[in-house]
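Protein chains in written order, with the working numbering: chain U, 1199 to 1400; chain L, 9 to 281; chain B, 20 to 245.
The set of hints was computed from the structure by calculation and includes no laboratory data. It cannot be assumed that every hint is accurate.
Under the rule of at most 25 angstroms between Cα atoms (straight-line distance), these lysine-lysine pairs were calculated in the DSS-like manner [what the hints assert, rightly or not]:
1) B/Lys42 <-> B/Lys238
2) U/Lys1290 <-> L/Lys112
3) L/Lys169 <-> B/Lys72
4) L/Lys93 <-> L/Lys276
5) L/Lys93 <-> L/Lys123
6) B/Lys72 <-> L/Lys50
Just the calculated beta-carbon pair ranges, DEER-fashion [as the list claims (entries may be wrong)]:
7) B/Thr179 <-> U/Leu1216: 28 to 38 angstroms
8) L/Arg244 <-> U/Tyr1390: 47 to 57 angstroms
9) U/Tyr1390 <-> B/Ile227: 43 to 53 angstroms
10) U/Gly1260 <-> L/Asp54: 29 to 39 angstroms
11) U/Thr1281 <-> L/Asn172: 45 to 55 angstroms
Where is the CB? At the ideal position from N, CA and C, for every residue including glycine.
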Amino acid sequence: MITFIIGFFTILVYFIGLPSSVNQASNTLNSWATTIVALSIGFGTIVLVRTHAMRVIKRREGEWVYSIVIIIGVIIFPLMYLTIGPNSSLYKTFYQTVNATIGASIYGLVLFTLVGAMYRTFRARRLNGLLLLIASCIVMLQIAPIGEAIWSGFPILGQWIIDYPMVGAYRGIMIASAFGALAICFRTLLGYEGGHVSGGEG
Amino acid sequence: MNLLEKILNIPTPVISLVLILTISVPMFYPLGLPITISPMVKATYDSIEQLPEGSVVLMDYGLTPASVAETGCGGRAMIHHMLSKGLKIIFIGGGVDSPMFVEKDVPPIAESLNKEYGTDWVHLGYYAGAETGRAALLADLSKIFPKDHRGNSLQDLELLKDINNYEGVSLIAVVTTGSDVLPMWIRQANTPYGIDIIGSVDGASFSIAVPYFPTQISGILNALRGGAEYEALMKRPGEAISGMDSISLSFLYVILLLVVTNVALFLKKDGGP
Amino acid sequence: MAIDMIEIIKVFFAFGILSFAFKSNPIQRLIESLYIGVTAGYLLITNFNTAYKNAILPLPQDPFLIIPIILGLLMYSRLSKKYSYLSNYSIAFITAIGIGLSTRTVIQSDIIKQFLNTAIPLFATNNALGTLGNITIVVTAISTIAYFTYSFEHKGSYGTLTKLGISLMMISFGASASNILLSRSARVITMLGYIYVPSGFYVVPIMIVLILISLYPEKIGLRKTD
């Protein structure tokens, strides 16, 4: 019921010219949603701490040391925030030294997995595999400046692949998924999909 | 194991090690290859260039530790372009990491161009809620940002004296690695209010953003390549242009690896089991 | 030569994570655990601060803000099996707003405008490549939509259209893969940038020794603990 009323209210406000007080009410509901989301984030952290605290208590073989490190890590930023504040240079330096460095490195690891996966899967056993491989190589040579140094046609071909087949395919995917999303959204608003609430019923 | 078998079963650590070498060598011995400008990057540049001095740009500076180089280079080049053109920028951040990177990247650029906080640029900080947050802040900035990131009241900021919602914003610039961020801005800013949008996005998001160009997005920078082209357009070579040398060598390596593997596969099939 | 502790720590972290590309080891796991913890803590305090500034501080001026505060706190009822149903109110509220905001404009942005942009003249004047491109966009879009439409069986001429769609999608996925490779390569450039610094000359060999010790402690007489 809540999903139905608030959802359709939000949609109707956009399409029908209503008094400004009604529009204000809709904007207020939107701003309330941001507050709810901000407060809810703590739930994930609590579950994380609870899970790893259990591993420490049960002294799970080979895991509990890492769990202690996680729990200590969770405490650091809130402690610094409440004692020295977020504008202090120590807070910013700690962020840049720990979060920024490790974050950049962890996400960089994906490249090795990606190249390994490309090596294993971009094998032209059929026509579609060959098309995938050729398109990938041409666009790589369009992106890398060395491609133009090898042959001036690579940037033109690569840009053509991006401007036409890629646009067409992703446009088709976008339209198809938009229809699907609309169907799911209306089913959720009307109560036919209850997966977002526990108990399964809308 | 014969040569073909070895080529078809190269261990991942070996592939990784050669990849690291191909990325590392140009970091010490730059190749200095020229970079041509693509139409999308030119369109991004023109979107900023055609704005009159004093126009207000809302910049969603959604950098993360991972994207400092890939989208950050393009983002910093756009910031430099906007500030040097006399545009005013309102910085917001859809990611929790955003405020840290705004405070790290923007002050040095602003100081080098003698731009003042509060008059030429403001930093409102992080907003929660993804699409909900974007819709809410475009409707009423003060509801989402009662104060700016530095604790100043919005009324005390010269730039925000006449701006409290989407009215008065001429352009939205988005720096992001989230594939759903640009579509969210299109749905909440371009479709209802007709505000132009430009973006510096990562490679995965680029594929999703391209169908929107040029009617719903005025320009897109494709990760490090887009950043390098923008630096070349601005005639201010930086991290992106120097990074493209590593991209050149590593891409050449990947292409050779794929070609050799497929030739080996073809020869193995020809030669029987 | 002054010792830059921050630079040394950055090399330690970056190289520790890079070592995972070759073999998972306890030092890399420790660094990852630290990252998980500090990120969760940073996320928590940043969002709580946002909620504090937006809802708790202005509460005396706007008492209705108690509603989102209560709804936000109700999410924590999921920690209890008996009272977890209370969180349904918060989830229903957020879901409704999210669906309402995205649905009301997706028809225009992702359907109508995309159809209009696809309905282009097939023959571009005096431009063979442009003509080929326009035909390619239209054919690719139609065949891709046909592929994702499951209301009709993919047989006969419809099946041929969907097969064409798959082939054209493969071309676009190849292009997409290259763009993703560009992205990820840029991240490795950042990571290597942390390692290729003056401190790296002595920190990296020390790290290699530490990682080998952590992987093979029995070789130097230590008991293997992991």
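Hints, one by one, checked against the model:
no.: 1; hint: B/Lys42 <-> B/Lys238; verdict: holds, 17 angstroms
no.: 2; hint: U/Lys1290 <-> L/Lys112; verdict: holds, 9 angstroms
no.: 3; hint: L/Lys169 <-> B/Lys72; verdict: holds, 21 angstroms
no.: 4; hint: L/Lys93 <-> L/Lys276; verdict: violated, 60 angstroms
no.: 5; hint: L/Lys93 <-> L/Lys123; verdict: holds, 11 angstroms
no.: 6; hint: B/Lys72 <-> L/Lys50; verdict: violated, 40 angstroms
no.: 7; hint: B/Thr179 <-> U/Leu1216: 28 to 38 angstroms; verdict: violated, 50 angstroms
no.: 8; hint: L/Arg244 <-> U/Tyr1390: 47 to 57 angstroms; verdict: holds, 55 angstroms
no.: 9; hint: U/Tyr1390 <-> B/Ile227: 43 to 53 angstroms; verdict: violated, 58 angstroms
no.: 10; hint: U/Gly1260 <-> L/Asp54: 29 to 39 angstroms; verdict: violated, 58 angstroms
no.: 11; hint: U/Thr1281 <-> L/Asn172: 45 to 55 angstroms; verdict: violated, 35 angstroms
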